[in-house]
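Visitor: Read off the chains here:
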Amino acid sequence: MSFRRSRILPVICTALLLPVTAASGQNTIFPSPLSPRIANYDIDARYDPARFTLEGREKLRWRNEGTDTVRSIEMHLYLNAFRNNRSTFMMESEDLPDQSPADSARWGFCQIRSLLTENGEELTGRIRYIHPDDDNTDDRTVIEIPLPSPVLPGDTLVLSSVFTSKFPRPPVARSGGKAEYLFAGQWFPKIGVFENGSWNCHQYHAQSEFFADFGVYNVNITLPQNEIVGATGLETGSEQNSDGTTTHRFHAEDVHDFAWTASPEYVEFRGRAEQVDIRVLMQPDHREQGPRYLAAAATALKYFHDWYGDYPFPNLTVVDPRRGARESAGMEYPTLFTAWTTHGIPAGCRIPEMIIIHEFGHNYWYHLLASNEFEESWMDEGINTFTETQIMREAYGQTGNLLDLLGFTVDDLTLNRVEYLGAASYDPTLRFAWKYYSGASYGVNSYAKPAVLLTTLQNYLGTETMRRIMRAYVNRWKFRHPTTKDFIAVANEVSGRNLNWFFDQAIYSNAVLDYSIDKVTTREISPGRGFGFTDRLTGNGPAADSAPSVPDTGRLYASEVDVRRLGTFIFPVTVEAKFEDGSRVREQWDGKDTWTRFRYTRRARLVSATVDPDRLIPLDINLTNNSRTVDYQTLGVTTATLRVLFWFQSLFDQPEIFNMLNVVAGLF
Amino acid sequence: MRYYREALHKLLRTKTLILLFYLLNLGSALIVALPFRSVLGTVAGHSFTGGAFASGFDAEVILELMSRNTVVGPVFQTLIALAAAVYGIGILFFSGGVFGLYLRNDRFDAGEFWNDAGRMFPRYLRLFLLSLPVLVICYCIQFLETAFVRIVYGPDPYQTVLYWGVWIRTGLGYLGLLIYAVIFDYARIFAIDSDERNMRRALGNGIRFVFRHFLPVIGIALPVFLAGLLLLILYNLVTGGFPSPSTAGLIVLICLQQAYIAGRVKLRLILYAVQTSYFARKVPETPEIDGPSDGIIDPNPLLTI
Chain Y
1 MSFRRSRILP
11 VICTALLLPV
21 TAASGQNTIF
31 PSPLSPRIAN
41 YDIDARYDPA
51 RFTLEGREKL
61 RWRNEGTDTV
71 RSIEMHLYLN
81 AFRNNRSTFM
91 MESEDLPDQS
101 PADSARWGFC
111 QIRSLLTENG
121 EELTGRIRYI
131 HPDDDNTDDR
141 TVIEIPLPSP
151 VLPGDTLVLS
161 SVFTSKFPRP
171 PVARSGGKAE
181 YLFAGQWFPK
191 IGVFENGSWN
201 CHQYHAQSEF
211 FADFGVYNVN
221 ITLPQNEIVG
231 ATGLETGSEQ
241 NSDGTTTHRF
251 HAEDVHDFAW
261 TASPEYVEFR
271 GRAEQVDIRV
281 LMQPDHREQG
291 PRYLAAAATA
301 LKYFHDWYGD
311 YPFPNLTVVD
321 PRRGARESAG
331 MEYPTLFTAW
341 TTHGIPAGCR
351 IPEMIIIHEF
361 GHNYWYHLLA
371 SNEFEESWMD
381 EGINTFTETQ
391 IMREAYGQTG
401 NLLDLLGFTV
411 DDLTLNRVEY
421 LGAASYDPTL
431 RFAWKYYSGA
441 SYGVNSYAKP
451 AVLLTTLQNY
461 LGTETMRRIM
471 RAYVNRWKFR
481 HPTTKDFIAV
491 ANEVSGRNLN
501 WFFDQAIYSN
511 AVLDYSIDKV
521 TTREISPGRG
531 FGFTDRLTGN
541 GPAADSAPSV
551 PDTGRLYASE
561 VDVRRLGTFI
571 FPVTVEAKFE
581 DGSRVREQWD
591 GKDTWTRFRY
601 TRRARLVSAT
611 VDPDRLIPLD
621 INLTNNSRTV
631 DYQTLGVTTA
641 TLRVLFWFQS
651 LFDQPEIFNM
661 LNVVAGLF
Chain F
669 MRYYREALHK
679 LLRTKTLILL
689 FYLLNLGSAL
699 IVALPFRSVL
709 GTVAGHSFTG
719 GAFASGFDAE
729 VILELMSRNT
739 VVGPVFQTLI
749 ALAAAVYGIG
759 ILFFSGGVFG
769 LYLRNDRFDA
779 GEFWNDAGRM
789 FPRYLRLFLL
799 SLPVLVICYC
809 IQFLETAFVR
819 IVYGPDPYQT
829 VLYWGVWIRT
839 GLGYLGLLIY
849 AVIFDYARIF
859 AIDSDERNMR
869 RALGNGIRFV
879 FRHFLPVIGI
889 ALPVFLAGLL
899 LLILYNLVTG
909 GFPSPSTAGL
919 IVLICLQQAY
929 IAGRVKLRLI
939 LYAVQTSYFA
949 RKVPETPEID
959 GPSDGIIDPN
969 PLLTI
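For the record, the sequence lines run as chains Y and F.
Letter by letter, the first sequence follows residues 1 to 668 of the numbering used here.
Letter by letter, the second sequence follows residues 669 to 973 of the numbering used here.
These aren't lab readings, by the way, just hints derived from the structure by calculation.
Take the hints with a grain of salt, since some may be wrong.
[As the list claims (entries may be wrong)] Under 10 Å between C-beta atoms, here's a sample of chain F residues computed to sit facing chain Y:
1) L694
2) L883
3) P884
4) I886
5) S914
[Said to hold, decoys possible] Far from chain F, some chain Y residues (derived; all Cβ distances over 12 Å):
6) G197
7) G462
8) K485
Please read all numbers here as calculations on a predicted model, not as lab measurements.
Glycine included, C-beta positions come from ideal geometry on N, C-alpha and C.
If we strip away everything but chain Y, and leave its shape as in the complex, we get:
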């Protein structure tokens, strides 16, 4: 009989008796601290897979790094977001019906059973649930504890707690279990961040991630011997216990969170890239994709290493979530993240690669930089989506790097841009995560729009300059919780330009960028008559007088190009006019006025005009109006019509083809 099914473990009692021994005898990873190490945890946890419940003892050592005296502390009990359907998380998740567990046994919670100071003073009775973000008294994701004695600047507070965590089933929002599988995220009482004289400790919201201080984690996890465990940091040892359990000891330095996973079914793959040990924990029904996961992780490591700086940690664990546990997929934790795939996914569908590159990227923007995701989500998700699109393009090609299947190609940046178009102007990019107009707006402003706007900036500054900015940003701000202002300051300094005009519009406003060619005209000028004139060719730009020679028919054409700014976002643009003789003229426009007009007198007719001819401004919300041709595009429009005609001729004759949607629906 397996441990999971025996149900004989006196879990609670044993857990209460467990000494907090994790701190002793651990190896060190780094010779000197990389981070301030403010919040340090020693945790002993005993997990009962039959009940998806964990009994834990935690010793928190928190140092007051500020200049203010601390008289109370605030802590997160994140799992209480899944305690009932009245939590702020659940109330905000109304449009996500599957977030709500089907029966009460499947809800999750985190309960502190005992809280003591280093001197043995009992604080349990002082615990008070607070709601810094709303007035929801049913939300229990943040607690406040008045301290019996204040913590002076530079002093360290030591608190010991005994807690019970129950994981939701199936996983909800990153954490939980299903059958033999567990992904444990946000599972222990975790202190908020004390900054500028007050606590930054937000409730768990439906549309938000996290913010925490760096520290050292020593975590012992006791669970049945058949479980295969992966966790943040390094496994420094394990010992088998007489009750059929194994205690796994993990040690992590300079991290700001600790997550772990367990399943007896994991199939393990190992690899190494850029001096980093990669461990992949695959589900058995995805085992054939283990090498694919390893290759994608190695690709991510390589590009991040080359472009943005060293990944300072010795190892990386990639977790493949179980079927039916999709809510735990695609989530990042220090040195560990979850990916996603499905059996039979074709090689041309690079969703697993994209997710792995994205989630690995968080180990820079979320882990090393550790900005406040509650308040400035774009600083992690957005910058990360930008770097993801860059790597996808570099590693898998300019076109079809995300999907290249049966002649249908989609690239990652395009998909992000299209997503951006869906909610381009609801909010400024920067806003507290739960205050966006909608979940879609949060998604767009946290992920897609930053990717698109940073690509636009990169095209404006040049790739090399942008990489120098990103590299400098990582080097200067790692382990220091940078804000948007810090990022902008680095961009200004490294580029040598004042880019505030760009960030003011792109980050601090909801302005949309849309330049269009409004009108193109060309007409023959009548032969000259009368006194005192010359037929003078005009038209700015380097190519104006370098047109290929054409038979001089003596005819002159007057052409005009009207360019309009339709959005409120002002951006300098290039306008290209193309003439019948093949010559092209490029103009620069600062884009400030609402329109401008370019006039040409040339020996050839104007054929077309294009604003942003090199497609360097993906932030432009309408690329269709970026060009205008004098003549109607009969060939293109007719070909498209014929294809549509043919599709419908075929579909009407064989509607049974829709039955093939079964396959698509079944696979995804």
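We have chain Y already, so just place chain F on it with the hints.
Guide: Just chain F now, kept in the frame of chain Y:
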């Protein structure tokens, strides 16, 4: 093969039918295609985006057009539904004429064709409505796979099981649709052959006929289905390596597309012809019926086969 040879002879004697079915197909698709051309011309006719369509559909352009022109979507959904309805009703209308013609083994005669088509259309419409539960049942055949997986592997099977199950379910889905299609075809043939007015009875006879001669009727329909698939693959192979956009290329493309559609029309008519031949052989003589059936007398010739 004997039935197919006969069917080809019938088809050659009734070439007008090919034209009729082809025009119906073309006309229905134009209900969608012409407004599409108009909208595309307005949005992108004077831009490089419109010009780029000459070399095929660019996913980025399609996604952007869809996301920027959300109002157009519902209009086209309505148009597509309308066109599909026109095509379905048209096929149903023509089928009376076609089955009558093939059962009589005549050359195309416009008077008889339209007479049969008009006479049988209200009955076929009733038959179609009555057959909808059969369609649902046949389509649900695929859920046998779901039930099998549930029983054998439980509620939480590995994705490897689900993966292959999806393909099996898709195959069963096609089998279900094929069974429904032949039931509907033979019910229509029975109705016109016996001048049956009770469509419930016609449907019952169609079902009985199909299940009594299950392998032959499926064997007749399957090659046509496979030939259609082959034709599609052939079309894609030919147009896959299509030359760069030009007016000449466009004309070749039109010819290939319409040749493919004409090929599919012929396949449909061949199937109708084979089915009527097979039915005629299995039901050699329609018994005399004294007056319209009222449910008391069972004139069903199939029961006596």
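Visitor: Against this structure, judge whether each hint is valid.
Guide: Each hint, compared with the structure:
no.: 1; hint: L694; result: holds (7 Å)
no.: 2; hint: L883; result: violated (21 Å)
no.: 3; hint: P884; result: violated (21 Å)
no.: 4; hint: I886; result: violated (15 Å)
no.: 5; hint: S914; result: holds (8 Å)
no.: 6; hint: G197; result: holds (45 Å)
no.: 7; hint: G462; result: holds (23 Å)
no.: 8; hint: K485; result: holds (32 Å)
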